Amino acid sequence: MPLYHNDEQAMLRDSAAPFIADAAPVSHLRSLRDSGDATGFSRDLWKQFAEMGFAGILVGEEHGGMGLGHAEAGIVLEEIGRNLTPSPFLSTSVAAVSALKAAGGAQAAQWLPRVATGDAIIALAIDEKPRHGPEGSALAATRAGNGFKLNGQKCFVLSGHVADMLLVLARTGGSAGESDGLTLFAVPQGAAGLSADPRLLVDASLASHMRFDDVTVDADAVVGEVDAGWDAVKPLLAAARTGAAAEMIGVGQGAMDLTMDYLKQRKQFGRLIGEFQALQHRAAHLYSEMEIARASVMKAQQLLDEGDAGAELMVSVAKAKAGRATNLAVREGVQMHGGIGMTDEYDIGLYMKRDRALAEFMGDVHYHIDRVARLNGY
Amino acid sequence: MSENLDDFRVEVRAWLAANCPDEMRKPANEEGDICWGGRNWVFKNDAQRDWLHACAAKGYTVPDWPKAYGGAGLSAQQTKVFRSEMARIGARAPLSSFGIWMLGPALLHFGTEEQKLHYLPPIARGEIRWCQGYSEPGSGSDLVSLQSFGEDKGDHWQVNGSKIWTSYADKADWIFALIRTDKANKYQGITFMLFDMASPGVSTKPILLISGNSPFCETFFDNVAVPKTQYIGEVNRGWDVAKYLLGHEREMISGGGAGGDMVSIGALYAQAIGKNAAGELDDPVLRAEMAAFDTDVFAFRAMGERFMDMWKTGRAHPASSNMMKYAGTELNKRRHELVMSGAGSAGLEWDSADSKGGSKPRGWLRTKANSIEGGTSEVMLNVIAKRILDLPGA
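Keeping their order, the protein sequence lines are chains A and B. Going by the working numbering, 313 is the number at position 313 of the first sequence; the sequence numbering is gapless. Going by the working numbering, 196 is the number at position 196 of the second sequence; the sequence numbering is gapless.
No lab work stands behind these hints, which were simulated from the structure alone. If you're wondering where the values come from, they're calculated on a predicted model, not measured in any experiment. Beta carbons are placed, not taken as given, at the ideal position from N, Cα and C, and that holds for glycine. One or more hints might be untrue.
Here are a few chain A residues that sit away from chain B, every Cβ distance over 10 Å (derived from the structure) [stated by the list, open to error]:
hint : residue
1    : Asp-34
2    : Trp-230
3    : Ser-288
4    : Glu-291
5    : Val-334
6    : Asp-370
Restricting the straight-line Cα-Cα distance to at most 27 Å, the calculated cross-link-like pairs of lysine-lysine (DSS-like) are [stated by the list, open to error]:
hint : chain 1 : residue 1 : chain 2 : residue 2
7    : A       : Lys-267   : B       : Lys-386
8    : B       : Lys-243   : B       : Lys-312
9    : B       : Lys-243   : B       : Lys-275
10   : B       : Lys-243   : B       : Lys-58
11   : B       : Lys-386   : A       : Lys-264
12   : A       : Lys-234   : A       : Lys-149
Produce the entire structure from the sequences given, and follow the hints as far as they go.
Okay, here's the thing in structure tokens:
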């Protein structure tokens, strides 16, 4: 497979790009933020996502989805990133769907069709500490009657307060730090003992600290196998990381486009500032980094879609590289905008904030560079 | 030849298994391991000779060239399969050649049928080794200011002047050179000439570099007679050929060389650096730098693949090869800084047997030219800013 969009993918982009730019431009994020919206995204927009087929883009056709791959999901994510669109798409349609598809069974049959129709939002309850570390999960799931009782807490659960279901990584065996002994549970919102404390984040998104106090679930709430939750979480993590990287490419590209436009408009010393070589070289370096990051993300998507054994390495490469490149794009963006780059009125600062949030999601640059070393045996 | 790529992969794999000597599946360790061919080439061993001859007979030194010119006539996708199968067994390139990388593409694009049939097959077989005469003492980044002059003498040009940084001019059989043929016209006054380095009046002088090696020469032309059939493209339009070729050179640098392979530098130096009980490199700061570098290399590898896929199908921005050149060469310099760090004091040894003749320090120093030759990084950034980003004030 060549590393560029084929005709079908180009058509998808040509429908996703104007749709998202029209329905959810940066002003949409501003209006949610400024009105203190308690949901964190627009449910109307999410219904439109479903009508366009995006909500079920990774869901198999047998469950009412489009049955496409990570490359296609990435096309939608890039447009979400470019427009800073608040959306449960990454958590629900990309990450959660990947886990459910991998695990199959009752939970997949129950939730995948509802995701495709836009009737279910799924949140990811993975991390328990501010720094990403899924193997560190200590939330305890103990056998109780026909099912399990969950006790513990999770943090950084995007849309956790409004999701219809949470995928919860819990410990049924082993000890914190091990990938064995983990089990993935589907916990419905409203379960007794489950409570959410939503926090407003720097990028105006809402992420919850979730408490589990004797939350009781049936045995069929297990996604995949007991003690082998890692098998279901691995595809979730790979999808979430690659998806976040794709969204970051959109954020970085959006920031870069704004900045290049600005360099061609702003005059100082009687010249357009884009004429200054000091800025030209930095802009050209940024272009180079963004292009390389984009290629790494496309490669990760391709390897995931092909089920290639090398995908895990490339996923971390993509998350780290997209993180570095996009971070450069937003930093250079603010700096090259000068004073107005510091104002809330200009959009460039919003790009900087979204980049920071996406960078933390499912492992930051440092986490993934470390993982590149581990996967290479050093 | 199989049209189906999976069948083709099976074919290539079987052919490589039967024809690639074990010795040629080990990484090249020293200069003699790289086969340049040419009239005066002395094969390091039988394996190197057999490997070249086997590939040349099959057209595999230039897999994507047409068969009539010594290639195997592979499609872009087949070539990709071929290269991936080569990489899978760690096969060395059978032939390294400026003829393949630079002159060949220019001939394929601008040459007459007669020229292609005359010049390309000996390149593909590794029989004629070429060098490139571009830069002059007064014309580096500002190449178009070059002054070597070919005076029209009816059936030939009488060429006088000098070139510098001519790679392996002292070992080359022929040269392709930019020679001014019209002093009044800067851009449209240069002709892309081809001539034998054994011609009377051609002399070379190797330049001792900081690496202690002399891969580059000064090349002097003293009343060299060049027949007026020996040029590519049109007379006075050699700059077009040169620009095309520079694009190709940048493409080539990006294609796989310049730090673009998937060998992890951290894994490569794990033994030299040592590991702790957790299996991590003993030096945590160096480990972090190596891992960051590996991340960049693997990402760039994907970029190289994407660039080639797009370039070969006409999807790439024409100036994107400048970005590949910039990123690839900067990455390669970084690689060699880490190689030196990983090697520690052993990496300083200049000519001991252990150091394989100082291959590390010499290689490290050699890479400093990467971002100078073929267009400096600064020139690449200028081109990206103007031609791709469309920033003002060209």
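So, going through the hints one by one against the coordinates:
1. Asp-34: Given a closest Cβ separation of 33 Å, the condition holds.
2. Trp-230: holds (20 Å)
3. Ser-288: violated (5 Å)
4. Glu-291: violated (6 Å)
5. Val-334: Answer for Val-334 of chain A: holds, closest chain B Cβ roughly 18 Å.
6. Asp-370: For Asp-370 of chain A, whose nearest Cβ neighbour in chain B is about 6 Å away, the distance does not exceed 10 Å, so it is violated.
7. A:Lys-267 / B:Lys-386: holds (18 Å)
8. B:Lys-243 / B:Lys-312: Satisfied, since the Cα-Cα distance of roughly 18 Å is no more than 27 Å.
9. B:Lys-243 / B:Lys-275: violated (48 Å)
10. B:Lys-243 / B:Lys-58: violated (31 Å)
11. B:Lys-386 / A:Lys-264: holds (12 Å)
12. A:Lys-234 / A:Lys-149: holds (24 Å)
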